[in-house]
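A.B. asks: Position one of the sequence shown corresponds to residue 1 (full-length UniProt numbering), numbered consecutively onward.
Keep in mind that a hint or two might mislead.
[Claimed, not checked] 30 Å max Cα-Cα, derived BS3-like pairs, lysine-lysine:
hint, residue 1, residue 2
1, K227, K199
2, K174, K199
3, K174, K227
I should point out that these hints are in silico values taken from the structure, not numbers from a laboratory.
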Amino acid sequence: MKETEGWSGPENLNHVSEAIKKERRAPMNEFEVFHDKGTNRWTVVGAGIQCFVQMTNWQYSDSLKRFQHALEACGMNRALTKEGVKEGDTVIIGEVYSLCLYVQSRSYRAHEVILGLPYDQRIDIWSLGCILSELYTGEVLFPNEPVSVMLAQMIGITGPIDMEILELGQETQKYFTDDYDHFTENEETDQLEYLFLEKSSLQQHIQCPDSEFVDFLSYLLQINPRKRPTADEALQHPWLSFSYY
Numbered sequence: 001m002k003e004t005e006g007w008s009g010p011e012n013l014n015h016v017s018e019a020i021k022k023e024r025r026a027p028m029n030e031f032e033v034f035h036d037k038g039t040n041r042w043t044v045v046g047a048g049i050q051c052f053v054q055m056t057n058w059q060y061s062d063s064l065k066r067f068q069h070a071l072e073a074c075g076m077n078r079a080l081t082k083e084g085v086k087e088g089d090t091v092i093i094g095e096v097y098s099l100c101l102y103v104q105s106r107s108y109r110a111h112e113v114i115l116g117l118p119y120d121q122r123i124d125i126w127s128l129g130c131i132l133s134e135l136y137t138g139e140v141l142f143p144n145e146p147v148s149v150m151l152a153q154m155i156g157i158t159g160p161i162d163m164e165i166l167e168l169g170q171e172t173q174k175y176f177t178d179d180y181d182h183f184t185e186n187e188e189t190d191q192l193e194y195l196f197l198e199k200s201s202l203q204q205h206i207q208c209p210d211s212e213f214v215d216f217l218s219y220l221l222q223i224n225p226r227k228r229p230t231a232d233e234a235l236q237h238p239w240l241s242f243s244y245y
């Protein structure tokens, strides 16, 4: 194990590593929890933390919150404090969200929710992109098919899912083989079938002559969550200030 970061928290954070390992959060399980009886402090260290922070592209000051999300996803609804800060100092944690794998209507559900990754408000940005496309075309962008087929449609239109995201997903094994080939289960035969979808694009799908609008939708529908805008960033897009008169 390569030690890259350290976190500390209250005494009742024992069994954190075991809980996360049971959730198959590789490589998040590449860390350990230590207890210093002298200071009554628990410390979490390991390479998996740094890998997770890099994947989500959060700043160092926010990475503690992101790790807290991972703990909550494993049922560990506990607060952490950074090394050198007294327990109970509320400025470190900031906003913390309880995670649930069943959120968002299926046709508007972001892939990070489907694959069982920690998520933030950017899943709503994905939903907004789906809704705007539907308002323009009159058709659901990603129809309420079996989830595996819907994932294939997402990949076909918005591009492939990053390997590091697939590796961290709790639910990835439901839709991808160990070699990350995409499959679905035939409900009639119970046989696994590989999914191959022809590459398309958002422009081809919605057939809109307004390039600014298409660019705005593409911006909202970034399949990589760290490239998807926040609400504030989305509001700065040129399409929202473009005058048609």
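A.B. asks: With a cut-off of 30 Å on the C-alpha distance, tell me whether K174 and K227 pass.
C.D. replies: 25 Å, holds
A.B. asks: Are the Cα positions of K174 and K199 separated by 30 Å at most?
C.D. replies: 22 Å, holds
A.B. asks: Is the straight-line distance between the alpha-carbon of K227 and that of K199 30 Å or less?
C.D. replies: 21 Å, holds
In terms of the numbered hints stated before, the structure departs from none.
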